[in-house]
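A.B. asks: Here the protein sequences come in this chain order: A and B.
Residue numbers for the first sequence follow this note's numbering, beginning at 1 and rising by one.
Residue numbers for the second sequence follow this note's numbering, beginning at 1001 and rising by one.
By construction, these hints were calculated from the structure, which means they are not laboratory data.
Keep in mind that a hint or two might mislead.
List time: in silico DMTMM-like cross-link candidates among lysine to aspartate or glutamate, alpha-carbon distance up to 25 angstroms [unchecked claim]:
#, chain 1, residue 1, chain 2, residue 2
1, B, K1606, A, D582
2, A, K273, B, D1563
3, A, K606, B, D1346
4, B, K1273, A, D582
2 protein chains.
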Amino acid sequence: MITSDYSKTKITGGFWQKKQEMLRKTTVWAVYDRFKETGRFDAFRCDWKEGMPNKPHIFWDSDVAKWIEGAAYITRQKKDAKLEKIVDEVVDLIVKNQEPCGYFNTYYQTQEPENIFTNRDNHELYCAGHLIEAAVAYYEATGKRKFLDAMCRYADYIEKRFKIDRDTGFRTPGHEEIELALVKLYDCTGEKRYLELALFFLNERGVQNDSGDKLTNCFANQSHAPVREQTEAVGHAVRAGYLYCAMADVALRTGDEELKSACERIFDNIVNKKMYITGGVGSSAACEAYTVDYDLPNVISYTETCAAISVALFAMRMLKFDADSKYSDAIERIIYNGFLSSVSLDGKAFFYENPLEIIPYMHTRDRDVSHVSIHLPRQERSEVFLCSCCPPNIVRFIPSIANMLYTYDDDTVYVHQFMQSTTQIDRNGESFVIEQKTSYPQNGKVKITVKGADTRLAVRIPFWCDSDEYQTVKGYQYFDVKDNQTIELDFKMKVQLVEARPEAVFDCGRYAVMRGPVVYCMEAVDNTEYLRDIRIDSHAKFRTGKNAELGVPTLTVKAYRRDANENAPLYSPKHDSFRVFDAVLIPYYAFANRGASAMQVWHLVK
Amino acid sequence: MITSDYSKTKITGGFWQKKQEMLRKTTVWAVYDRFKETGRFDAFRCDWKEGMPNKPHIFWDSDVAKWIEGAAYITRQKKDAKLEKIVDEVVDLIVKNQEPCGYFNTYYQTQEPENIFTNRDNHELYCAGHLIEAAVAYYEATGKRKFLDAMCRYADYIEKRFKIDRDTGFRTPGHEEIELALVKLYDCTGEKRYLELALFFLNERGVQNDSGDKLTNCFANQSHAPVREQTEAVGHAVRAGYLYCAMADVALRTGDEELKSACERIFDNIVNKKMYITGGVGSSAACEAYTVDYDLPNVISYTETCAAISVALFAMRMLKFDADSKYSDAIERIIYNGFLSSVSLDGKAFFYENPLEIIPYMHTRDRDVSHVSIHLPRQERSEVFLCSCCPPNIVRFIPSIANMLYTYDDDTVYVHQFMQSTTQIDRNGESFVIEQKTSYPQNGKVKITVKGADTRLAVRIPFWCDSDEYQTVKGYQYFDVKDNQTIELDFKMKVQLVEARPEAVFDCGRYAVMRGPVVYCMEAVDNTEYLRDIRIDSHAKFRTGKNAELGVPTLTVKAYRRDANENAPLYSPKHDSFRVFDAVLIPYYAFANRGASAMQVWHLVK
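Pulled out of the complex, with its shape left as it was, chain A reads as follows:
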C-alpha cells in the first residue's frame, strides 16, 4: 500500500519557502483581520441576536475552520504562540457553546435552532466537516485534544441522527466535505465508525431523490447517480472535488474497487476534458460548475480557487492507488498556475475566480442598462469577499504544500514534486531522510539525497519534458539509491508553445506559452491593449528576464501586431503589414498585481 506522511516534511528553501513565509507573515493575518472585522470569529460566541451587527452566515464556521486548519499547519512547521492563542480561544468558545448532544453551528444555534438538519443546501455538514478537519490538524500540530474531542462528539451526534435514527430532513449533504473529514477523523482516532459514516454518506448519495434540494437539478451536487456509477465530473466543482476526495479516501481504506474505478474515470475526465491549461476547473459561473467535455472558454472561465484545490487534493489521494504521473502532473499544473494565481504577490488579496483572459471593456459593455448579459470574473483580487471560502483555503493549502511531495510503499519512495525540502520517512522499522535541493521552477535542476537507508526512488518526469529522454513507467523514472547517495536530475526547461485539442474551440489557432510547469501570460500593462491581436513569432527565441517590480521571471519574444490606424474602416480587406515589437510575458500566477489590465493566456502566432 502506498502511503504518505506530511508531518515530517519541511520546506527548507526555494520557491515554496518564500510562499510559506508570505503565508505565515502576511496572508494568515490578512485573512484573520478580515474575518475578525466581519464578525466571523465573534460568531463563535453564539450570542448573536436580531438587531446586532454581523449576522452569522450559514458558511461562516467553515471559513474560520479552514483558517484554523491553516494556522495548525503553520504552527506545526514553526510554533506560533499568537496563532495558538487565537485558536484556543475559538476552541474554548466551541466547547462552551456546543450543545450537550454534540451539535455545533453558529448559524443554526443562533438563528434557526428549530431547523437543524432540515435544509440540505445550507452547508451544515460542510461546516461540520471543516471543523473536524481543523480539529484533526490542530491536534496533530499541538497535541491538544480539546477541539478534537468536541468534534468527535459532534461526529457521534451526526452518526446518531443521520445513520442510526435517520430522522433528519435530508440524507446527504448538499455540499460535500463531511465525508473526507470523517475519514481524517478515523485516521486520527482509529475509530472505525467514522470511516463507516463516511461510507454511509457516499452510499446514500444519488440513490433516491434527497429532500431540501434547492438547486433543482441533482447533477449540481453529484446526486444524479450512485457514486460508484458516476463517470464524469459534474455540477458544482468544489462539491464535486471534495466528494471525489472522499470516494478515493474510502476506497483506499476499504479496497472498494468499484469506488476506485469511479474515481479513476472521473479523474481522467477532469484532466483530459475539463481542465484549463492553468489547472483551473469548473468553467461555468452557473452553479460554479463543471460543464460538458472540452467547455473551456477563457473570458468567462469561472475556475474557482477552491475547485483547483479540490482537484489537487483528489489527485494526491489517487497517487496512493497508483504512482501515475497523470495525477502528479495535474498537481504541478495546479499549484504553479491556477491555484497560485489566487493570491496576490504581496499575500494580501485573493481571487475567487481565476480567469484565463481579461478583456477590460467586457466589464463595462452593459453600462447602458441595468442588468448584464454575462457573468465575468473580477479583474483584480480583493482583500475580502462575502463568500470567502477561497482565502482560508489558501491559508491551509500553502502551509501543507509539502504534502504533495512524496508517497512511499515498502520499497519505493515516489517523488512527485520538486521543492527544496527535507523529509523523514519511517518505513519497515527504519527511518531515513530525503533531501531535495532545487530552485525549481526557476530551473529544472534537482538533487535528491537519501540519508539513512538504501531505497528505490521513483521520480516523476514532468509532463512538459521531452519524454524520449527518459525511461519511465507511468511517467516515473526509477533509481536504486544507496545510503548517502545523491541523484541529480536536470529537466530541460525550454519555453514551449502549447496547443489545445481542437475540441477546445476557443483556443483554436492560439497557443499558450509555458516554461517548465509555469504558464506565462501577457498583460496590457507590458504590451498595451488588444492582446488578442498580438502574434508571437513562431521562430523567435524567448529571452528570459526578470520583472524587478514584481520579482518574477519574464519572457520576451519578437512579436507582431497590426497598427491601429485611426482612419481604417471597421472592416477592410486582409492586409499583411505588421509592426514588430517585443512582447513581454509574465507567469500567469503573477497577473493582476499591477492594477486591472487586459490579460491573456492563449496567443496568436505568426
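Model the placement of chain B on the given structure of chain A, informed by the hints.
C.D. replies: Chain B alone, transformed into the frame defined by chain A:
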C-alpha cells in the same frame, strides 16, 4: 432637396423579386396564421375578459399593425383581395372599438382602462405609432381613408393629452416609434400639427427624468441626454434606431441643423464602431442593447432583426441629407446579410437574434444546473415566438425594399442599390423611367437605362469594390445620361478575405469571407465540427458553385485542419501537421436552413 418616391417602383426580376414572391406567397400567410392562432387578430374585437384564452399583450397591436403595413405594400405591388379583406375587417374593428376620444389599444381597453398613458414602458405609443404607419401605408396602397381617419383621431388625442393638456403619467414613450409615425402621418395628410407633435416628443426626451421608467437606466431608452446632444448609439437598439429615424425625419423637414448633426454623429458611431460585418447591431442581450465601441463578440451577438431594419431605415433617411455611400453601403450590408438571415429560405421561420457564430455545445454547457451563465441566440429559426416583433417587420420590409433604390434631387438621380426594377420619377414637371437590369448580387453587372428625359445619374460604387477603378464623390460615380441611354457597370465580384479593426478583439487573427456584398459562413453540416480550427489557405482560389438543396451559391476553398487524434492529451506542444480538405461556405443569409449546426463567420487562415 433630395427626395424619394417608392410608390412608382417595381422589382421586376432577380434576387429580390424571388424574395418578394416568397414573402407574398408564404411569409405573409405564415405570420398571419401564427398571429391568428395566438389571438393577435381576435384581440381587435376588444372583448377579452378574464378567463378567456389569448389574453392580449401590451405589444400585440404593433404586431398586427406591422403585418397590415406589409400587406399594404404587397397589395400596392399586386392587388390581393384576400389580404385587403383581412385588413378591412381589422380596420372595422378598430373603428368600432376606438374610444370616442380617439384612443385605441386592445390591451389597455380590455385590461387596464384606468391606466391609459401612465406607464412609460408599456409600449402604448409604440403600438399607436405602428398603427399610424399601417394606416398611412394602407391608404397609400388602396386609397381607403377609414383607417387613416381613425388614426388621425388617435393622433389628435395623443396631441391633446401629451402636448396640450400634459396630463399623462409620462412625457415621452419608453419605446420610440410614434415620432417617425407622426412624420409619416404629416407627409400623408399635410397636417403640420403631426410634425410638430413628433418634434415635441423629440424635444421632451432626455431633458428631465421621465416617470414610469422601469429600465432604471435612462440610457436604455435614449433618455440620458437631449436628443441634439447625443453622440453615440446607446441602449435598446430598436428603440434607438426608430428614434434616430424620427430625428432625421424631423430634421429633413425643419432644417434643424443640430438634429441633423446628432444623426450624423450617431450614424458614424454605428457603422464605424458598433456594427457587425453582417450589418447586425445591438450586441448585448441585456436590454437588447447597443454597448460600448467595438464590442462585437460573435457567439453571444444579440443582433436583433428589428435593430438591423431600424438602421437600414435610418440610413435611408440620411441619404436624403447627403448622397454619401456610407449610408447606402450600410443598407447593402444589412439587406444581404444580417437582415436577410432573419427569415428561412422557405419563408416560414424567423430569427429574432442573428448570431455571428453558433457553437452548439455552448447551448448545453449548463445542462447540469438549473440556470445558465450566458444568454445565447437560438440555433434555429422559429415559426412563432412570444415577443414577435421581428416576423411582421420582415413582412413590411421586403415588399418595400425598393424604397432603398433611389433618391433624387432637381438634377440627379442617386442609384443606391442594384435590383432588377423599373421606376417612374416625376420631377420638375417631367416624368421619366429608370430601368435596372441586373442579377446582382449573383454578379456585379448592372445596366441602367433612362427613358423619357436626360438626367444626371449618381451610381454608388459598392464598398467592396476596388475604389481605385472609379472616380467617385462620396462613393458615387456621376454620369450624364441622355434619354434612352443605357449605362453599364460591371463591379468585379471577387472573393475577399476581410479583417476587422484590432479593437474588435474577438475577430483578431480571423478573417471573414465576402463575395460582393454577401458575407459567407461555414456550417458544420458542410465542414464537420470544430469550425474554429479550420484554416483557409490564404493563397488558394475560391471556387464558386451552388448548393442545390438550398438553391444558394457556394464557395469552396482549400483549407487545413488539425486531425482530431483521439489519444492526444488536452494540451501538447504546438505541432504543424494539418489535414488538407475543401472547406465549403454558403451565404450567411442561408445559414441554419438544414437543422441546427455549428456556424461561423470569422475564420482562421494559413
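A.B. asks: Indicate, hint by hint, whether the structure satisfies it.
C.D. replies: Going through the hints against the structure:
With a C-alpha separation of about 23 angstroms, the suggested pair K1606 (chain B) and D582 (chain A) falls inside the 25 angstroms cut-off, and the hint holds. With a CA separation close to 17 angstroms, the supplied pair K273 (chain A) and D1563 (chain B) stays within the 25 angstroms bound. Between K606 (chain A) and D1346 (chain B) the CA atoms are separated by roughly 43 angstroms; this puts the pair beyond 25 angstroms, and the hint is violated. About 29 angstroms separates the Cα atoms of K1273 (chain B) and D582 (chain A), which puts this hinted pair outside 25 angstroms; it is violated.
Hints 3 and 4 from the list above are not met by this structure, while the remaining hints are.
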